[in-house]
Amino acid sequence: MNSYTALGLKPDITVAVRMDAANAGIRDYYLLPAIDMTWENLHVGEENGIYFDAYRFDTLEYLFGMAQRTKLQETA
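Just so you know, the sequence shown maps onto residues 200 to 275 in this note's numbering.
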């Protein structure tokens, strides 16, 4: 059981913020979809490999784009 489940939470996407070395500013973000996050404990380092860094973003623009409203196309 992970910490989210223990709290009764089941997020579809977790936003993890990695801080800079001085812990004074944001270095980058990880947008972690629940469907791909199967491990119980997560450790983020300087180098994380291609599998994990595929979810790394410099800003939250991608997240905002996913949440943006869009018109549905008409079906005939």
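Accuracy of the hints is not assured; some may be wrong.
[Said to hold, decoys possible] Cut-off 25 Å, straight-line C-alpha distance, at most; resulting in silico cross-link-like pairs (DMTMM-like, lysine to aspartate or glutamate): (1) Lys209 <-> Glu273; (2) Lys209 <-> Asp227; (3) Lys270 <-> Asp252.
[Said to hold, decoys possible] Pairwise CB distance ranges, derived in the manner of DEER restraints: (4) Phe263 <-> Leu241: 16 to 26 Å; (5) Glu273 <-> Gly248: 36 to 46 Å; (6) Leu271 <-> Gly207: 43 to 53 Å; (7) Leu271 <-> Arg217: 15 to 25 Å; (8) Leu241 <-> Gln272: 31 to 41 Å.
Hint data in this document are derived by calculation from the structure and do not stem from the laboratory. For glycine and all other residues, C-beta sits at the position ideal for the given N, C-alpha and C.
To test your reading of the hints: which numbers does this structure violate? 1, 3, 6 and 7
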